[in-house]
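Chemist: Here is how the chains run, residue by residue.
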Amino acid sequence: MTLLDVQNLTVTFPSRQGPQQVVRNVSFMLGRERLGIVGESGSGKSQTGRAILGLTPAPGRATADTLAFDGIDLRGASAKQWRALRGARMSMVMQDPKFSLNPVMTIGRQLAEAARRVASSRAEQRERAVAMLEAVQIRDPARVMAAYPHELSGGMGQRAMIAMMLITEPDLLIADEPTSALDVTVQIEVLRILDDLVTTRGMGLIFISHDLRLVSSFCDRVLVMYAGRVVEELRATELQQAQHPYTRGLMGCLPRIDGNTRPLATLQRDEAWAL
Amino acid sequence: MALIEIEDLHVRFGPVHAVRGISLAVDKGEAFGIVGESGSGKSTVLRAICGLAPTSQGSIRIEGKVLTKPRRPEFYRTTQMVFQDPYASLHPRHTVDRVLSEPLAIHGFDDREARVEKALDDVGLGQGFRFRFPHQLSGGQRQRVAVARALILEPEVLLLDEPTSALDASIQAEVLNLLDRLRTERGLTYILVSHDLAVVAHMCERLMVMQHGQAVEELSRAALQAHHAAQDYTRALLAASEGFSRAAL
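In the order they appear, the protein sequences are chains A and B.
For the first sequence, the working numbering assigns the number 1 to the initial residue and increments by one for each residue that follows.
For the second sequence, the working numbering assigns the number 1001 to the initial residue and increments by one for each residue that follows.
So here's chain B without its partners, still in its complex pose (with noise of 0.2 Å):
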C-alpha cells in the first residue's frame, strides 16, 4: 500500500479553480516530482496535504488514513514542510536555536539540547551556528536550518516546495546533496515540486507534469531521461531546458 495517497483532489480559491482533479500515490521511501510553470498549482497540492490550502473535494490518505481537518498534531510529526525562499520562512528575530527548539516544545520532546545539536550537525552546519539570526546567514545556510527544522521532528515524509529555486547553483548543489544523503540515511519519503526538470529528473524515481491544474502526465525518471514524453507539453518543457537554440524554433 502506498503511503501517500490523492484520490481526485480538488481546490479552490473562490472563482479559481487551482487544482483539478490531481491523483497520486507515493510509496514508502520514495522520492516523487511534481513539475509544472507557475500557476500550473504544484505548490498547491503540498499545501492541500499539510492543510495550508482548502481541499473542496477528493480526499488525501496517509498510510491509509484520511487526514482530519484541522490536521491532528502526530500529522506534523511524520509530515514536514520545506518552503521556497530561505529569506521568507524563517523568523527574522528568532535565533536557529529557538527555530529548531520550537517544535520540540510544541511536540513534547525530551532531551532538546541533544536533539538541536545532532540537528545542525545532520545538516552539516555545526554548534557555530546555533545563537546566530537569520541575517546572519547566507542563502544556503538559511536553507539548511529551514531543512533541520523539518527534520528535528524526526518525520516520515518532507514535502519540498522549490528547496532550491532561490539559491545559486553552487548552493544548490550542495542543498540537493544534502537531501539525497538524508533520504538514503533515514528512509525518508519525499514529494518535491520544482519548475526545474533537470532539479527533478535528479532528485525523484518518478515524476508529474502539471499544467492549469491537471495533470498532464506521470512518467519515471528513465522515461525522462530518454525523452520517452507522450504529450506535447512534457516534450516542450524538455526541449526548453535544454537551453536556447534557434534550430528548435
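Pulled out of the complex, with its shape left as it was, chain A reads as follows (with noise of 0.2 Å):
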C-alpha cells in the first residue's frame, strides 16, 4: 500500500545566480517501510523532508507533479488541511534536541500540548505522555517529565522528541539525521527505539542520514541523493552491488576497523553525475 507518493519534486531557492534547484525531480514511493535518504551535506535530502511536510523555508519554492500523502494532495493544500496532517499523521524529527525542543517549556508540558490532538482532559494528556516516555525506554519519566531541555542529556532529549513526535500516533515519520548528534551506543538504543515503532504500529519512516553505513543496517531501501538528484535507488541488501560510481566511492572512502586499506580510497567526483 502506498503511503507517500512524490514525483518530480523540485525544490528551488532564488539566488543572485538566478533559481537554484537544491533538489531536482526526486522520486519514490514509500508503503508502511523504512526509507533512508543518504547524501553529503548540501545534496538535498534534508530539504526534500522538509518539503514533504510543507516546510520548505521562504523564498525557497517546492514544486512537484504529484505529491501525496494517503490520496490527500499536498500540493494545493490550505492552511487548514496542514494543520490537520502534520503532527496528527506526519511529523518530523529534527537533528539536534537542544535547537528544537522549548528550552522555556518542560518536557512534560511540550508532551502534553502534543497529546491535546488525542486526549480532551489535561489527566489523559499527561497519562498519554508518561505511557509514551515508557515507550521510549526512558526509565524515571516523571523525572523527565518535570525537567527543562537543558536538563537532559542529548539521548535522552532526542528520546524525549521522539516521545512528542509519535504520542499522535502518526503514519509517518520523517526523522532527519535524528541519531548525528548522539554517542553510538545511545544511537543504536534510539534505532532500535524507531525500530520497534516501524514493526509493531505499521508506521512508514523516512529516515535521512549522511551516514551509508548506518542507513543500510537499518533501513529497508535506500535512496542515494548527490547534487539534488537520486542517483541511485536500491534494497539496504543489496548495498555491496551498488552500480552508481559515487554510492560506490563513498562506500570505499570510509576506513573500516578491520580493514587496512592506506591510503584511504577517495571520491573522484564526476561533473556528469550532477547533470
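In short, the hints are calculated from the structure, not lab data.
Note that this is a predicted model, so its numbers are computed, not measured.
Beyond 12 Å from chain B on every Cβ pair, some chain A residues (computed):
1) N8
2) T63
3) S78
4) M94
5) E113
6) Y148
Sample of chain A residues facing chain B (criterion: CB under 7 Å; computed from the structure):
7) E40
8) V184
9) T185
10) L214
11) F218
12) L254
13) D258
Each pair of labels, with its calculated beta carbon distance range:
14) A:V118 with B:F1013: 42 to 48 Å
15) B:Y1087 with A:Q241: 35 to 41 Å
16) A:T185 with B:F1133: 35 to 41 Å
17) B:F1013 with A:A123: 40 to 46 Å
18) B:P1073 with A:H244: 48 to 54 Å
19) A:R139 with B:R1235: 19 to 25 Å
20) B:E1185 with A:H244: 30 to 36 Å
21) A:Q137 with B:E1205: 36 to 42 Å
Quick reminder that beta carbons are idealized off the backbone N, C-alpha and C, glycines included.
Could you fit the two chains together into a complex? Lean on the hints.
Modeler: Below, the structure written as C-alpha cells:
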C-alpha cells in the first residue's frame, strides 16, 4: 500500500545567479517501511524531507507533479489541511534536541501539548505523555516530565522528542539525522525504538542521514542523493552491489576497523553526476 | 624514553571532575588514539596538554621535561593542535595568508613568504587559496588550512581533536590521508581524539578507551581488529560501530 507518492519533486531557491534547484526531480513511493535517504551535506536530502511536510523555508519553493499522502494532494493544501496533517498524521524528528525543543517549557508540558490532539482532559494528556516516555525507554518518566530540555542529556532529549512526535501515532515519520548528535551506543538504542515502532505500529519512516553504513544496516530501501538528484535507489541488503560510482565511492572511502587500506580511497567526483 | 608522558592526570572544573587519573606514554613517531563518548573527558586530556585546561593533579612531561604553567613559546614550537570544527577555529576576517603568517611572526621565523607557500603546497591547497577568507573555502579546505597552520611551525607533536567529525565522509578520507602522509614524511607524533572507533583504528597503532573521565582500557590496533577487548564497554563500542542489527540487541 502506498502511503506517500512523490513524483518530480523540485525545490528552488532564488540566488544572485538566478534560481538554484537544490532538489531536482526526486521521485519515490513509500509504503509502511523504512526508507533511507543518504547524501553528503548540500545534497538536498533535508530539503526533500522538509518539502514533503510543506516546510520549505521562504523564499524557497517546492513544486511537484505528484505529492500525495494517503491519497491527499499536498501541493495545494490549505493551512487548515496542513494543520490536520502535520503532527497528527505525519511528523518530523529534527537533528538536534537542543535546538528543536522549547527551552522554557518542561518536557511534560511540551508532550501534553502534543497530546491535546488525541486526549481531551489534562489528566489523560499527562497519562499519554508518561506512557509514551516509557515506550521510548525512559526509565524515570516522572523526572523527565518535570525537567527542562537543558537538564537532559542529548540522548534523553532526542528520546523525548521522538516521544513527542509519536504521541499522536502518526502514519509517517520523517527523521532528519535523528541520531547524528548522539553517541554511538545511544544511537543504537534510539534506532531500536524507531525500529520497534515501525514493526509494531506499521508506521512509514523516512530516515535521512549522511551515514551510509548506518542507513544500510537499518533501512529496507535506500535512496542515494547527489547534487539534488537521486542517483541510485537500491535495497539496503544489496548495497555492496551498488552500480553508481558515487555510491561505490562513498562506501569505499569509509575507514574500517578491520580494514587496512592505506591511503583510503578518495571519491573522484564526475561532473556528469550532477547533470 | 617516551616523548609524551602523562601520569595520573586530574582536571577539575569547579565541582566537575572531568579527568580522573589518566596515565599514558606516547613514543616519538607514534600515533596514539583516545576514543570515548561525549563527556568522557577525551578532549580535555588534549586541552590539558596544551595548557587550555587546568591540571589540578598529576604531571605532563614532554621529552622528560615537566611542562611549565603557562607554557613557554618553545612548547608551542614543538606541539600544535588542530581543533574539531574548522568553521569555528579560523578567524572569519583573516585571510589564509594572515592565518598562516601570524604564528611565523610570533615565533620569529625568517623567510615567511616561502614558508607560507610551502605550507599551502604541503596540504594540497596550492597558491590560489592564499588570499581567500574562510567563508570562501569548503569544510575540507578549511580543515586543510587548520592543518597547515599547525604544521607551519614545524612541530614534532600534533594534537588532533576530532579533526574530521565535522566533515563529510569523502572529505574525511582526504584529510585522514593527508594526516597519514605528513606523519610518514616528517616523523610526526600524533595524539588523535575521536568518537569514531573506525577512524582511530585506521590512524593509530595504539589507543585508549575512556569513559567518565577514566581510562577503561588500552589496546593495540591489532587487538582492536581482532575484537580482543577485555572490557564490556569497549565491546559495546565495537558492536555499536558495526551499525544497527536486530540480532545484537
